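*Asks:* Given next are the chains, with one letter for each unit.
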Amino acid sequence: MIKLSALLFAVALVAGCAAYTLVAPQRQNVADVISVEPGMKWNKMSQSAYEGHVEVWTLDGLTLNTLVFFTGVPDGEPLFVPRFADKARMEKPPVFRSTMNPLEIQELLHATVARFFRTTLAEERNLRAVSIAGGRGFRFETRVVGRDEVERAGVFVGTVAGGKLYGAWFQGARLHYFERYLPEFERIVASAQLTGEAARK
Amino acid sequence: MNRRGFGCALCALAAMRAAGAQTLSEFVEPGHRPPPDTDEGGLWGLMDRAERDLKTSRFVVRDRALNAYLREVVCRLGKDHCPDLRLYVVRTPQFNASMAPNGMMQVWTGLLLRCVDEAQLAAILGHEMGHYLRRHTLERYRDARDKSNFGAFLSLGLAVAGVGLAGTVANLALLASTFAYSREQEHEADRIGLELMAKAGYTRIAAAEVWEQLIAELAAGTVERSQSVLFATHPEPEERLGALRAAAAQAGGAEERGLERHRTGLAAVRELIVRDELSLRQYGRSEVVFDRLLAQAPGDGLLWYGKGEVYRLRAEPGDLARAMEAYARALESREAPPDTHRSIVMVELKQGDKARAQAALDAYLRAKPDAADAGALRMLLEQ
Ligand SMILES: [Zn+2]
Numbered sequence: 000m001i002k003l004s005a006l007l008f009a010v011a012l013v014a015g016c017a018a019y020t021l022v023a024p025q026r027q028n029v030a031d032v033i034s035v036e037p038g039m040k041w042n043k044m045s046q047s048a049y050e051g052h053v054e055v056w057t058l059d060g061l062t063l064n065t066l067v068f069f070t071g072v073p074d075g076e077p078l079f080v081p082r083f084a085d086k087a088r089m090e091k092p093p094v095f096r097s098t099m100n101p102l103e104i105q106e107l108l109h110a111t112v113a114r115f116f117r118t119t120l121a122e123e124r125n126l127r128a129v130s131i132a133g134g135r136g137f138r139f140e141t142r143v144v145g146r147d148e149v150e151r152a153g154v155f156v157g158t159v160a161g162g163k164l165y166g167a168w169f170q171g172a173r174l175h176y177f178e179r180y181l182p183e184f185e186r187i188v189a190s191a192q193l194t195g196e197a198a199r200k
Numbered sequence: 000m001n002r003r004g005f006g007c008a009l010c011a012l013a014a015m016r017a018a019g020a021q022t023l024s025e026f027v028e029p030g031h032r033p034p035p036d037t038d039e040g041g042l043w044g045l046m047d048r049a050e051r052d053l054k055t056s057r058f059v060v061r062d063r064a065l066n067a068y069l070r071e072v073v074c075r076l077g078k079d080h081c082p083d084l085r086l087y088v089v090r091t092p093q094f095n096a097s098m099a100p101n102g103m104m105q106v107w108t109g110l111l112l113r114c115v116d117e118a119q120l121a122a123i124l125g126h127e128m129g130h131y132l133r134r135h136t137l138e139r140y141r142d143a144r145d146k147s148n149f150g151a152f153l154s155l156g157l158a159v160a161g162v163g164l165a166g167t168v169a170n171l172a173l174l175a176s177t178f179a180y181s182r183e184q185e186h187e188a189d190r191i192g193l194e195l196m197a198k199a200g201y202t203r204i205a206a207a208e209v210w211e212q213l214i215a216e217l218a219a220g221t222v223e224r225s226q227s228v229l230f231a232t233h234p235e236p237e238e239r240l241g242a243l244r245a246a247a248a249q250a251g252g253a254e255e256r257g258l259e260r261h262r263t264g265l266a267a268v269r270e271l272i273v274r275d276e277l278s279l280r281q282y283g284r285s286e287v288v289f290d291r292l293l294a295q296a297p298g299d300g301l302l303w304y305g306k307g308e309v310y311r312l313r314a315e316p317g318d319l320a321r322a323m324e325a326y327a328r329a330l331e332s333r334e335a336p337p338d339t340h341r342s343i344v345m346v347e348l349k350q351g352d353k354a355r356a357q358a359a360l361d362a363y364l365r366a367k368p369d370a371a372d373a374g375a376l377r378m379l380l381e382q
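Those protein sequence lines, which keep their order, are chains A and B. Numbering of the first sequence is given in numbering that gives the first Met the number 0, commencing with residue 0 and proceeding in unit increments. Numbering of the second sequence is given in numbering that gives the first Met the number 0, commencing with residue 0 and proceeding in unit increments.
These are calculated hints, taken from the structure and not from any lab test. This structure is a prediction, so every number in the text was calculated from the model and none was measured. Built from N, CA and C at the ideal position, the CB exists for glycine as well. One thing to keep in mind: the hints can contain errors.
Taking lysine to any residue pairs in the SDA-like style, the calculated list, with each CA pair at most 20 Å apart, reads [unchecked claim]:
no., chain 1, residue 1, chain 2, residue 2
1, A, Lys-91, B, Lys-198
2, A, Lys-86, B, Lys-353
3, B, Lys-353, A, Asn-100
4, B, Lys-54, A, Val-144
5, B, Lys-353, A, Asp-74
6, A, Lys-91, B, Thr-221
7, B, Lys-353, A, Val-22
8, B, Lys-349, A, Lys-86
9, B, Lys-349, A, Gly-75
10, B, Lys-349, A, Asn-100
11, B, Lys-198, B, Ala-245
12, A, Lys-91, B, Glu-28
13, B, Lys-349, A, Lys-91
14, A, Lys-86, B, Ala-245
15, A, Lys-91, B, Met-46
16, A, Lys-91, B, Glu-216
17, A, Lys-91, B, Lys-54
Listed next, the stretches of chain B that the computed footprint assigns to chain A, with coverage defined by at least 3 CB atoms under 8 Å from CB atoms of chain A [as the list claims (entries may be wrong)]:
no., stretch
18, 89 to 103
19, 216 to 223
20, 369 to 382
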């Protein structure tokens with residue numbers, strides 16, 4: 000018994016993430032709904048394995064560190080799905096609901112990670128309320144071991160505005176690529192504003 | 000871990016000789032170990048490398064009681080071949096098992112959850128042993144080589160190498176262990192599996208049940224049957240089911256099920272594998288799986304909790320009430336996970352009843368005083 004498609008998916012996951020553009024350390028628009036001011040040069044992936052209402056940045060390459068912006072996930076949509084997988088062969092992904100509380104959103108990320116990274120080794124902890132982009136938000140820590148056996152630590156920060164989910168999730172391969180850039184992530188989060196149609200009224 | 004070398008090692012295999020004039024129509028001898036300079040020895044070498052990686056994988060479940068239990072079942076089926084077989088439990092919630100030519104077996108936790116009793120598990124293990132005993136991978140390899148279809152075989156190896164570069168150890172080992180068997184080989188493995196089951200005293204109808212259950216489960220999922228990977232890579236399940244049923248019907252045979260032994264053997268990891276199943280959010284399929292297990296164990300608190308979670312997480316109209324019913328059944332048993340109370344907090348919050356949510360939180364913290372998410376739940380109650 001064997002699932003070859005899972006293998007091909009894994010190959011595609013790696014093969015499909017080459018194109019990126021440089022992000023300068025100055026105020027930046029993320030999908031016209033989030034505005035942030037990074038302090039370092041980032042790379043914005045023009046096409047990553049993440050498909051959905053997301054924008055993906057990295058400093059050293061996606062296997063080492065990844066910053067996923069959630070740019071307004073609407074009710075009924077998944078957080079993200081694997082771009083290169085054959086969707087017809089996958090069970091329907093779990094979706095975001097605008098009525099979800101922070102703990103339910105944390106559970107949703109857990110399930111999304113389990114699917115996307117095909118892992119059973121994922122944990123979230125320390126969920127708490129925070130103020131973000133001038134409104135009420137939440138934050139929790141993540142830990143994911145991928146099929147490459149590498150453990151990645153992360154922080155997820157999010158807020159629901161106008162029924163849509165906005166947020167940022169930074170992950171880095173422990174220890175170096177997470178701790179080293181955590182201050183940069185905190186800086187980005189502290190600078191975050193919702194803009195355009197996402198601006199709080 | 001030198002995975003880049005995997006594809007090339009496979010190239011080298013092409014140059015190796017077939018060992019003597021041996022035929023593959025008989026079972027391998029117990030203690031079999033091919034000379035390293037033969038094609039079979041080359042295959043074993045590849046698998047030995049994959050196995051070394053697997054041994055250190057974080058996804059391998061090392062619980063001693065579980066592994067001792069599975070070892071017992073393997074030995075009961077494999078008898079003299081038992082010392083040649085090594086079984087690894089991989090923490091992956093899908094239904095899958097595999098056998099490598101060197102005797103490395105893998106069983107995924109999703110398969111363990113889906114076996115109602117030991118006889119069903121024995122059906123799977125017996126089938127996989129059939130592949131080993133008749134050296135199906137070697138047969139497949141030689142067949143591909145003789146038909147000058149080595150490219151197809153090789154490209155699979157290169158794909159393995161590609162995955163190796165991506166660093167997916169568990170995938171590598173799994174793929175390496177099964178170069179897609181032919182339909183005839185699958186049927187033969189079924190026949191051998193049934194023989195081993197009968198000799199070991201297991202009821203053979205369990206083999207048909209496994210497939211029956213899988214067909215029913217997939218029908219409850221959201222994937223079109225024509226798209227199902229499982230159905231695409233194996234003989235038509237109905238055809239297989241028919242053959243297995245017919246074989247089981249011949250002669251009376253043994254009756255053993257091993258329901259209790261199976262339950263005890265899995266005890267230490269049951270909660271873990273139920274949680275992993277829930278993370279998949281394949282609501283319809285999980286419901287079928289839990290219902291089937293509950294039919295055998297109607298008072299099982301963990302299973303009622305799992306069923307409740309399916310409904311809470313699906314959250315379609317009527318689901319919250321269904322979830323609460325299931326949690327109530329869980330709490331009637333003595334073995335309800337403390338998290339049942341946590342789930343009740345979540346449902347009561349959803350329904351806007353803070354007093355009841357608070358009462359459930361109190362019960363949760365009594366059952367699990369060191370709950371890591373206590374602060375998060377308090378935050379929700381305060382909002
Ligand atoms: Zn098979």
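*Asks:* A separate judgement is required for each hint: does it hold in the structure or not?
*Replies:* Checked hints:
Of the supplied pair hints, the one linking A:Lys-91 and B:Lys-198 is violated, its CA atoms being roughly 42 Å apart against a limit of 20 Å. At roughly 40 Å between alpha-carbon atoms, A:Lys-86 and B:Lys-353 are farther apart than 20 Å, so this suggested pair is violated. Taken as a hint, the B:Lys-353 and A:Asn-100 pair is honoured in the structure, with Cα atoms around 14 Å apart against an allowance of 20 Å. Distance hint between B:Lys-54 and A:Val-144 is fulfilled; the C-alpha atoms sit about 16 Å from each other, no more than 20 Å.
Of the supplied pair hints, the one linking B:Lys-353 and A:Asp-74 is violated, its CA atoms being roughly 25 Å apart against a limit of 20 Å. Note on A:Lys-91 and B:Thr-221: the hinted pairing holds, with a Cα-Cα distance of about 6 Å set against a maximum of 20 Å. Restraint check for B:Lys-353 and A:Val-22: not satisfied, since their Cα atoms lie roughly 46 Å apart, outside the 20 Å limit. Distance check on the hinted pair: B:Lys-349 and A:Lys-86 sit about 31 Å apart at the alpha-carbon level, beyond 20 Å; violated.
At most 20 Å may separate the alpha-carbon atoms for a hinted pair to count; B:Lys-349 and A:Gly-75 meet this at roughly 17 Å. Of the pairs offered as hints, the one joining B:Lys-349 and A:Asn-100 holds, with about 9 Å between alpha carbons and a cut-off of 20 Å not exceeded. A C-alpha spacing of about 18 Å is found between B:Lys-198 and B:Ala-245, which places the hinted pair at or below 20 Å, so the restraint holds. For the given pair, A:Lys-91 sits about 47 Å from B:Glu-28 by alpha-carbon distance, which is inconsistent with the 20 Å threshold.
Restraint check for B:Lys-349 and A:Lys-91: not satisfied, since their Cα atoms lie roughly 23 Å apart, outside the 20 Å limit. At most 20 Å may separate the alpha-carbon atoms for a hinted pair to count; A:Lys-86 and B:Ala-245 exceed this at roughly 37 Å. Distance restraint check for A:Lys-91 and B:Met-46: the Cα-Cα separation of roughly 35 Å exceeds the 20 Å cut-off, and the hinted pair is therefore not satisfied. Using a Cα cut-off of 20 Å, the hinted pair A:Lys-91 and B:Glu-216 holds, with the two alpha carbons roughly 15 Å apart.
Straight-line distance between C-alpha atoms of A:Lys-91 and B:Lys-54 comes to about 33 Å, which puts the hinted pair past the 20 Å bound. By the rule of at least three residues with a Cβ nearer than 8 Å to a Cβ of chain A, the coverage given for the stretch 89 to 103 of chain B holds, with 8 such residues. Against chain A, the stretch 216 to 223 of chain B contributes 4 residues with a C-beta closer than 8 Å to a partner C-beta. That satisfies the three-residue criterion, and the hint holds. Three residues within the 8 Å Cβ limit are the bar, and the stretch 369 to 382 of chain B against chain A gives 8, so the coverage statement holds.
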